[in-house]
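Sequence order for the protein chains is A and B. If you want our numbering, it's the position in the first sequence, counting the first as 1, plus 857. If you want our numbering, it's the position in the second sequence, counting the first as 1, plus 41.
Since the hints were derived computationally from the structure, they do not count as laboratory data. Don't take every hint at face value.
What the hints assert, rightly or not - Partial list, derived from the structure: chain B residues whose beta carbon lies under 10 Å from chain A:
1) Tyr76
2) Phe86
3) His141
To be verified - Beta-carbon label-pair distances, calculated as ranges:
4) B:Asn92 to A:Glu862: 30 to 38 Å
5) A:Asn910 to B:Ser128: 22 to 30 Å
6) B:Asn92 to A:Arg918: 32 to 40 Å
7) B:Gln91 to A:His869: 37 to 45 Å
8) B:Leu96 to A:Glu902: 20 to 28 Å
9) A:Gln871 to B:Gln121: 33 to 41 Å
10) A:Asn924 to B:Ala79: 28 to 36 Å
11) B:Val53 to A:Arg918: 23 to 31 Å
12) B:Val115 to A:Thr908: 28 to 36 Å
13) A:Glu902 to B:Val115: 30 to 38 Å
The beta carbon of each residue, even a glycine, is placed where N, CA and C say it ideally should be.
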Amino acid sequence: ILNVEQSPQSLHVQEGDSTNFTCSFPSSNFYALHWYRWETAKSPEALFVMTLNGDEKKKGRISATLNTKEGYSYLYIKGSQPEDSATYLCAFNLLKTQGGSEKLVFGKGTKLTVNP
Amino acid sequence: GAGVSQSPRYKVAKRGQDVALRCDPISGHVSLFWYQQALGQGPEFLTYFQNEAQLDKSGLPSDRFFAERPEGSVSTLKIQRTQQEDSAVYLCASTEGTPHEQFFGPGTRLTVL
Numbered sequence: 858i859l860n861v862e863q864s865p866q867s868l869h870v871q872e873g874d875s876t877n878f879t880c881s882f883p884s885s886n887f888y889a890l891h892w893y894r895w896e897t898a899k900s901p902e903a904l905f906v907m908t909l910n911g912d913e914k915k916k917g918r919i920s921a922t923l924n925t926k927e928g929y930s931y932l933y934i935k936g937s938q939p940e941d942s943a944t945y946l947c948a949f950n951l952l953k954t955q956g957g958s959e960k961l962v963f964g965k966g967t968k969l970t971v972n973p
Numbered sequence: 042g043a044g045v046s047q048s049p050r051y052k053v054a055k056r057g058q059d060v061a062l063r064c065d066p067i068s069g070h071v072s073l074f075w076y077q078q079a080l081g082q083g084p085e086f087l088t089y090f091q092n093e094a095q096l097d098k099s100g101l102p103s104d105r106f107f108a109e110r111p112e113g114s115v116s117t118l119k120i121q122r123t124q125q126e127d128s129a130v131y132l133c134a135s136t137e138g139t140p141h142e143q144f145f146g147p148g149t150r151l152t153v154l
């Protein structure tokens, strides 16, 4: 059974705080790791897709790192703003040749609330 | 350009009713996925189409669930004889292909009473 774990489950921070979340996933047969941001009543929005060990990606105040050998990824938000409040999901693709398909396997998400 | 759209956005059904959920993917996207998100869980894969071919339906929870994409664009997820445990958000996503990002619709929230 493939398992993606995210921690913490929820997080409350003050405006201006920096924060980070963790995603752990099976390290064998890895193909790609995705981070999504999902606001209530909206579509999940892709933040990053990472495929290479050691990948680091950045989008404004948000960045992510990837370690495929040990099976984890971190998402960082610098100087959190109230508009960052959302659920952050990570998901991964398995290698198709190892019985995987193009489907994503998701974690349960980290719900972030940024208080003004 | 237009993103992925889903309809209806909200659906309330009585137990035993049949429902049909529609997904309009991004034009030209070959791959289409359906996911189910139950309360407190992450989205879980239901089924996958490449054009009109349903290549993976391993995630469909029972034979009451049926999906189609007859012309390789719009897809419909049908749930027959709905049960309370079918209450969830049903998400549709389309993509040009892995490992590119999957573009998600806003989901249909189904509540079965």
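Broken hints, by number: 5, 9, 11 and 13
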